[in-house]
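Protein chains: 2
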Amino acid sequence: MKMRIVVIGANAAGAKAASKAKRLNAQAEITMIDRGRFISYGACGIPYFVSDAVGGVKELMSTMAGVVRDHGFFQKVKGVAVLTGTEVIRIDRGAKRLGLRNLASGELSELPYDKLILATGSTPLVPRLENVDLPGILTVKKIEDAELLKERAVPGGAACIVGGGLIGLETAEALRQRGMRVTLVEMRDQLLPGVLDPEVANLVQKQLRQQGVEVRTGTAVTGFAGAQRVERVVMGPRELPADLVVLAPGVTPNVALACEAGIGIGPTGAVAVDARLCTNDPDVFACGDCCETTHLVTGQKVYLPLGSTANKQGRVAGINAAGGAATFGGVIGTTIVKVFNLNVGKAGLTEAEARRAGFDVETVLSPAPDRAHFFPGAKPILLKLVAEKGSGRILGVQAAGEGAVDKRLDAAAVAISFGATAEQMAQLDLAYAPPYAPAMDNLIVAADILKNKLAGEARGITPQEVKRKFEEEEDFILLDVRSPAEHNEVGIVGAKLVPLGALRDRLGELPRDKEIIAFCKISLRGYEAQRILSSAGYEKAKFLDGGILAWPYELRGPLEEKK
Amino acid sequence: MKMRIVVIGANAAGAKAASKAKRLNAQAEITMIDRGRFISYGACGIPYFVSDAVGGVKELMSTMAGVVRDHGFFQKVKGVAVLTGTEVIRIDRGAKRLGLRNLASGELSELPYDKLILATGSTPLVPRLENVDLPGILTVKKIEDAELLKERAVPGGAACIVGGGLIGLETAEALRQRGMRVTLVEMRDQLLPGVLDPEVANLVQKQLRQQGVEVRTGTAVTGFAGAQRVERVVMGPRELPADLVVLAPGVTPNVALACEAGIGIGPTGAVAVDARLCTNDPDVFACGDCCETTHLVTGQKVYLPLGSTANKQGRVAGINAAGGAATFGGVIGTTIVKVFNLNVGKAGLTEAEARRAGFDVETVLSPAPDRAHFFPGAKPILLKLVAEKGSGRILGVQAAGEGAVDKRLDAAAVAISFGATAEQMAQLDLAYAPPYAPAMDNLIVAADILKNKLAGEARGITPQEVKRKFEEEEDFILLDVRSPAEHNEVGIVGAKLVPLGALRDRLGELPRDKEIIAFCKISLRGYEAQRILSSAGYEKAKFLDGGILAWPYELRGPLEEKK
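Chains as they are written, first to last, in UniProt numbering: chain X, 1 to 563; chain E, 1 to 563.
There could be a bad hint or two in this list.
[Said to hold, decoys possible] The calculated lysine to aspartate or glutamate pairs, modelled on EDC-like cross-linking and capped at a C-alpha distance of 20 Å, are:
1. E:Lys76 x X:Glu509
2. E:Lys141 x E:Glu214
3. X:Lys76 x E:Glu486
No lab work stands behind these hints: they were computed from the structure.
Work out the full structure, taking the sequences as your base and the hints as a guide.
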């Protein structure tokens, strides 16, 4: 008898699992079931469909060659049967049968399976707030949502995004590009918590403000108000007028069906699976946004739903369901998002995550152009490296800037996957020519700084720590070692100017017992100054991590030229 | 007594070595010696200075902050003394003294050292051809060369580049952008031999032709002719008019000084060094273009001079000379070059190199857009993977296209450094969002195909092999499984059309005993067709590696619409 494989959910993970299973086992009968009208669409493209960067639904649903991935496509090309508009209402694991309901007709039916793949995806969280069901309050997940959002997004209207995560940021950009006035409200005191450390998240906030998006962090939405439809967002005692609200506080895995059938749920709330993506039932697999995975740096179970992971998992689930053998190791939390002109993301752990996981960490902030600085079009990017102190192992990398952030994240992601140390990262043979990278790639420079820090030669101090010293009026010297021209153009209030070239001759001006914190544009000269001071017996000499370019706080504007 | 470190050569490697040594050992007296007028300039930027993409010499010589790296800069900022216009004429290793000559005055002097660092660089090879010293025949290496070249590059004039390597290609572009008629002559039968396999190199040749550069491969220049200056390039019986000739057949390490002093030269002809970059004299180190290094994939000694390697090596030599301890592991041959709109390069070994090194190899050709195909601005790139058959270890990756080639090369370079297998590459957690990558990154798709091939599920055949079958009039069926519209637009002459969606129903048209080679645009459908055929008992079913997009030979144009 032919093997019957049923896949619940016909998007990234499900479609991949079904297609792969069929390719591997041509004799198997494969059926995909989905509640929606659209299947196998590029859900991650939805914000760009909202902004009109992507022209239409058809593009999101097409293959590279322009073929629409619909029923007929899966049936004829992939050899996979598809039931859309169909809900699975019950999994009877004993009898190996599914209970189905046609959403249009209400008709009930049953479908037997030999192997079952759960690819039920996730749903946007809807916080239980007062009047959250008022018309005009939307979520963004499905194509239907996006179509509604485009209808409601009136140029000049006021939109409020609740949640400063990936979807919130992408939607803020999309609505701004449709000409709306946009306010983004985030409960936590920074954007992209869980993806970025605060000083990197600050760059995102700055970018949003530059692009005319109002940002309110540390602000909890408590409810909504309006007569026929939403008119105001309520935040405790304050209110904000809004014609349109998008809820983007995150997503939750769709596990109800699995739960009811007694399929194991993990500590993250998503379906628990082993490396073969098998659930606690040997005939039931799970993949994509409905299941949890392993973080390869911490070894912990995590819930990090992403389209890239879903595709990899779909392949593995499909192979195993079809009788093959494949495993999915896990993820390292790689994340990237475009926020207007800023590219920003991470691979591995943030400093906060690393500390929470119990690592003793060293960090580096390193800003530099993304290609040879003399090459036209070179753009700055800021790297933050997080490493384990004893071993020098790289635990995480964050990157932000207008330049090629994605390239450094990918190279870092591979390095982190293989447990690279600072020493190994510093010696990577990365592709160099002036149009692509500086002769010393940003990652290599950052790794060298990290090595210098781990060896005790480079003594950095974070911007946060310097800010605290100012606030607590500690007695220290902040030493600007740039040129007078650079110093006059932009600076940090309270800094003393001694250009690096003059430092050796002007040591007399600097008291040996005081803490001296040197900086320049990127703190390469700042570091050289610290080395000069340390060698001259200044035991408390330090340099400011990342210099002016990584300083996340206010800078002073041009000084008047001295006569 | 203060330690005296002398560095011969004041460019990438030398300048880095000197600066690092001083930072580590502030008490050391460091002297850099260079024959040239300019020091510490971005030599790799010279072609872009020729094309005027980089405005001036000053930009090539400046730091990121705009400070010119001249004598004063090294003395004041770095604490390093510099002697320019000075030639080292002798190394007396016994007495630890250098003999110097001032190139302007002819004055001789001596300089003692405790530790010596050779960073003498490389020189363009000048082939011994008839009349090679005629005026108008230049090389491109130093800023002085570039200035001369710009002077001689008259719009409308005829330039001939001898050599299709990196410098040859970059110079061809630069001169074309100055409005010259450019012919590039390469002795070997492909461009970039040693960097690309022939089918990838073909894309470079195509790009050059599209940009109006005439390319003659397999053509040896035998000499030059002209009265007062070069007028013609002689290639055996043929001649080519030329107002300007650039010799770019490669570079040779500057080892004469080291040789005379009895410092060991390796099998590549460059200075032999150990992992500490120490020569056969424990007080003499070498770094940059004058020394050889180890290829980490083959374990062989190689001569691969590059600015990125020079900087890393300079740091290591500087540390060791200053009394510290550092090692340089080696390289994996990562190379990248911009050829007009094409980005192209490699990491690890080409197929040819891998076979020469004795590996049993499997390869993949995988063309795909560089980001979500629905995202505006997505551009195609072609990847070629070379892997070891038994272990699945990735030995090399080549990439070419208008899209983000550099990103894939860097990620691949890291993976190859860590000995990644196809399985490991397929599971990399690379950064995904539609503006940056497809949900399944190009590298992951290519690794999946490789896995399918290694597992015997995917049976590919190279374009070269199909071409051979046509030429030898073998009896086989080339099966186009695209849609009729795609088939009509562009195709391979001699192919039979059976769209993938109809294949299961039309198996009757295909004889089971014949070799059937399926293809589509990128050979994903081609692969699916092979799976369908294989499952239906067609034992000789294959798919064409990389499909239409990777087909390096002629394609037929639009067919007339059938009535």
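Against the structure, the hints:
no.: 1; hint: E:Lys76 x X:Glu509; result: holds (18 Å)
no.: 2; hint: E:Lys141 x E:Glu214; result: violated (23 Å)
no.: 3; hint: X:Lys76 x E:Glu486; result: holds (18 Å)
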